[in-house]
Amino acid sequence: LLRALVDDADHSIFGAIYEYNPTTTHRNSNNAPHYVIAFRGTLPKRDSLSRDLELDLQIIRHGLHKTTRAQIAIQAAEDMAATNSANLWLVGHSLGASMAILGGKHMTTKGIY
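Using my numbering, the first residue of the sequence shown is number 1, and each one after it goes up by one.
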C-alpha cells in the first residue's frame, strides 16, 4: 500500500494506491500492473452511507465529475501516471467502478496513457 485516498467530506477511505512488488517465485510478472488504484463501492456504514448515496445520485445525474471525491481520484490517477507511467491500472466496484472509469476517461482526454 502506497497511499490511502480519503474523502474530504466524510473522511472515509474510498480508495487505495498499491504498488506491485513481485516475489522471486513469480515466473512471469511482465503483464502485471506496476501500480493499481482501487476504488471502493457504496458502503452501508453509518459514517459514509449518506455521502456514498449522494455520489450514487450524482452518477445518475451525470455530475460525478463535479464532486470533490472524483477530483481527488482524478488527481491521484494523474499524479501516478505522471511520475510512474509504467502500467497503471484503475479498478473499482459499483461506485468505485464509476470513479475508475472517470479517472481513465480524464487521463485519456489529456493524452495520458
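Since the hints were made in silico from the structure, they are not lab data. Among the hints, erroneous ones may be present.
[Stated by the list, open to error] Keeping only pairs whose Cα atoms sit at most 30 Å apart, straight-line, the calculated DSS-like set for lysine-lysine is:
| # | residue 1 | residue 2 |
| --- | --- | --- |
| 1 | Lys105 | Lys66 |
| 2 | Lys110 | Lys66 |
| 3 | Lys45 | Lys66 |
Status of each hint after checking the structure:
1. Lys105 x Lys66: holds, 14 Å
2. Lys110 x Lys66: holds, 17 Å
3. Lys45 x Lys66: holds, 24 Å
Going through the hint list in order, the structure satisfies each hint without exception.
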